[in-house]
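Enquirer: Top line first, the protein sequences correspond to chains A and B. If you want the working numbering, it's the position in the first sequence, counting the first as 1, plus 479. If you want the working numbering, it's the position in the second sequence, counting the first as 1, plus 13.
Mixed in with the good hints there might be a few duds.
Straight-line distance between alpha carbons at most 30 Å, and here's what the computed DSBU-like set of lysine-lysine pairs gives [claimed, not checked]:
no., chain 1, residue 1, chain 2, residue 2
1, B, Lys252, B, Lys153
2, A, Lys709, B, Lys207
3, B, Lys153, B, Lys26
4, B, Lys30, B, Lys252
5, B, Lys216, B, Lys30
6, B, Lys153, B, Lys30
7, A, Lys648, A, Lys759
8, B, Lys216, A, Lys725
9, B, Lys153, A, Lys709
None of these hints come from the bench; they were simulated from the model.
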Amino acid sequence: MIIEPTAPADVLAAIRAPFAAAGALAIDAPLIQPLGVLLDLAGEAMRARLFVVQGEGGEEVCLRPDFTIPIARAHLDEGGGAGRYTYDGKAFRVAPRGSGRAEEFLQIGIEIYGGPGAPADDAEVAALAWRSSAAGGRDDLSLLMGDVSLFSAFIDALGLADSLAARLKRAFSHPRALHAELDRAQAPAPEPRQGDRLSALLAGLPEAEACAVLEDLWAIAGIQPVGGRKPAEIVHRLSERAIAAKAPRLSEAEAGLVQRYLTIAEPPRVALDQIAELAKEGGLKLNGALSAWSDRLDALVSLGAPVDRMMLATGFGRVFSYYDGFLFEVRSNALGEEAPVAAGGRYDNLAAALGGTAGERAVGCMVRPIRAWAGAERVA
Amino acid sequence: MTDAPLTIGLPSKGRLKEQADAWLADCGFTISAEGGERGYRAKLSNLPNVQVQLISAGDIATALDAGDIHLGVTGEDLLRERGEGLDSRVMLMRALCFGRADLIVAAPQSWIDVETMADVEEVAAAYVVRTGRRLRVATKYLVQTRTFFARAGIADYRIVESSGATEGAPAAGAAELVVDITTTGATLRANGLKVLADGLILKSQAQLAASLIAPWTPSQLASVRRLMGAVEARARALKLSMLTWPADQTARAQAATEAFLARGATRRADGLLAQAGDLLDVAGALAAAGVGPVSVAHPEFAFEPTSAAVEDLTGRLGL
Numbered sequence: 480m481i482i483e484p485t486a487p488a489d490v491l492a493a494i495r496a497p498f499a500a501a502g503a504l505a506i507d508a509p510l511i512q513p514l515g516v517l518l519d520l521a522g523e524a525m526r527a528r529l530f531v532v533q534g535e536g537g538e539e540v541c542l543r544p545d546f547t548i549p550i551a552r553a554h555l556d557e558g559g560g561a562g563r564y565t566y567d568g569k570a571f572r573v574a575p576r577g578s579g580r581a582e583e584f585l586q587i588g589i590e591i592y593g594g595p596g597a598p599a600d601d602a603e604v605a606a607l608a609w610r611s612s613a614a615g616g617r618d619d620l621s622l623l624m625g626d627v628s629l630f631s632a633f634i635d636a637l638g639l640a641d642s643l644a645a646r647l648k649r650a651f652s653h654p655r656a657l658h659a660e661l662d663r664a665q666a667p668a669p670e671p672r673q674g675d676r677l678s679a680l681l682a683g684l685p686e687a688e689a690c691a692v693l694e695d696l697w698a699i700a701g702i703q704p705v706g707g708r709k710p711a712e713i714v715h716r717l718s719e720r721a722i723a724a725k726a727p728r729l730s731e732a733e734a735g736l737v738q739r740y741l742t743i744a745e746p747p748r749v750a751l752d753q754i755a756e757l758a759k760e761g762g763l764k765l766n767g768a769l770s771a772w773s774d775r776l777d778a779l780v781s782l783g784a785p786v787d788r789m790m791l792a793t794g795f796g797r798v799f800s801y802y803d804g805f806l807f808e809v810r811s812n813a814l815g816e817e818a819p820v821a822a823g824g825r826y827d828n829l830a831a832a833l834g835g836t837a838g839e840r841a842v843g844c845m846v847r848p849i850r851a852w853a854g855a856e857r858v859a
Numbered sequence: 014m015t016d017a018p019l020t021i022g023l024p025s026k027g028r029l030k031e032q033a034d035a036w037l038a039d040c041g042f043t044i045s046a047e048g049g050e051r052g053y054r055a056k057l058s059n060l061p062n063v064q065v066q067l068i069s070a071g072d073i074a075t076a077l078d079a080g081d082i083h084l085g086v087t088g089e090d091l092l093r094e095r096g097e098g099l100d101s102r103v104m105l106m107r108a109l110c111f112g113r114a115d116l117i118v119a120a121p122q123s124w125i126d127v128e129t130m131a132d133v134e135e136v137a138a139a140y141v142v143r144t145g146r147r148l149r150v151a152t153k154y155l156v157q158t159r160t161f162f163a164r165a166g167i168a169d170y171r172i173v174e175s176s177g178a179t180e181g182a183p184a185a186g187a188a189e190l191v192v193d194i195t196t197t198g199a200t201l202r203a204n205g206l207k208v209l210a211d212g213l214i215l216k217s218q219a220q221l222a223a224s225l226i227a228p229w230t231p232s233q234l235a236s237v238r239r240l241m242g243a244v245e246a247r248a249r250a251l252k253l254s255m256l257t258w259p260a261d262q263t264a265r266a267q268a269a270t271e272a273f274l275a276r277g278a279t280r281r282a283d284g285l286l287a288q289a290g291d292l293l294d295v296a297g298a299l300a301a302a303g304v305g306p307v308s309v310a311h312p313e314f315a316f317e318p319t320s321a322a323v324e325d326l327t328g329r330l331g332l
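Bound conformation, chain A alone:
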């Protein structure tokens, strides 16, 4: 296991200072976390990065890969509501073999629950991450920003069939799946599938009737129903499929709009103008989302983030994440995009997924001090 070197005390103190001054409660979180909860929230793809440990006869647990979920759990244990927490401790991730990347590393960060709302506390967190990162002395930093909810707004504005819109939104963090979905617009109409006639037939029946038909069908075919889906669920999806089969597919024009939207990566004001133009061209209404971005940028600049180091990339969205709105990374040219100095974003839906109240506002970020420290390369 590779353990990272430590930054000098004065550098660490400078990197910590913005978080210490943020008026947040300093807390720690248990080093070991329930594996199942983490995988449920972060996805199975996260498993390859987790140190999984198990005591004899015990439940599988893992070393905390970051602080967001551990602190969300602690926050909900205290009853939820509003809360500002800052943390400073070791986190653990399995590095790809041969990468030489540290597997035990220091993270400093903040998590804000029930803050004043999207543009304001988004800007506060990103500006904090920026000031803390910059305190490490690097002069090659940039702030890359994206917005998962802006993509959703763009898709909603296209007015597509529900199942298609939902598929596109889910595909956002999976570039390959998204491109497959967009390419399909150019492809010839799909061949009728086995079961299409059955879908159409069942879709025309009342649900109870359709379920009975399905169960008869299983009995006739000698199929033992296994797996945790009830007849009603299968019937429901068959009828959705029948509706989707009749609904128009993504047109080439729509696919083109989405494709062009995803390639925008510019200084934020330029990017917003380009998105606005694209929306105008396609007759799409996303005014609310764009004015929120304008407010966010104003707030960021007023909090000391340099506008000339910012980029807004519409396609930016991390794969293993629970972020559902604004998100960002502070990157260093020297370290590259695989090793962000800081990262964070909005995750309003995380608390609900952990059993808390739905729609609770939450935003947070973390900084890797060793990456922020300008002298780290000389030590390594």
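Using the hints provided, position chain B relative to the given structure of chain A.
Expert: Okay, now just chain B, sitting in the frame of chain A:
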């Protein structure tokens, strides 16, 4: 260190052991266990300074990946399960055409709305919304499942690790989907499951593989060259037929068989070494030219001066 033996991991039990032993014996190498029938170490005839370790197929994959053995015979499914970057640590030297099995994704037959991975993606997303839990996939092939599902853009699922009887997991209520090895699909059907139309993850078979991480000496590499020379020569020979005609008819016979040189046949004294598949065509051409009697023999081995696989290995090891 030049005296250190070449270590080879061979399967210690089951059908794979029988097939691996038979394949080696056919190539001229017989295994003799040290310390009696139940020993875990063995020697190979015709290969001096080789140490055979009889271990499970899974352990062979692990040992190759860790560099604990030089060579091994094991399933490609087990090797691929060793995680990202396998090709930088283990080199597949030769596919062995036995131990065939498909690693597949299977769903309940009763899910008549699910035929493809795209269907699974939609069902998985709906399932997490409805139940707050993710679809469960029972498997012991965690790495390949993860890669395949990521490629299909499926995020809403959980792996349930299974050590045996994976196909039974949906019927037992422990999972909704299964990723497992199948040969005929009969066990899947018996458990109410079907293979997805695009659910083939890997067409697996036994492989002779070399570890790129193990410490290698030139003499160990020379043993590999000897082994591979025979293995490849044997495989080559099985595809060849040696035709011999009376010496006084050679001029006519050569003219009649000219066309087959372009198809891989080579001239021999008073005869032709032809592709086995061309045998009857060559015989027909000779008969038409009035050549006879023509006798046919099958060579046991057909050696070539170099082996592409061994050259490749030598280059990658930098020896």
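Enquirer: Can you list which hints this structure breaks, lowest number first?
Expert: 1 and 8
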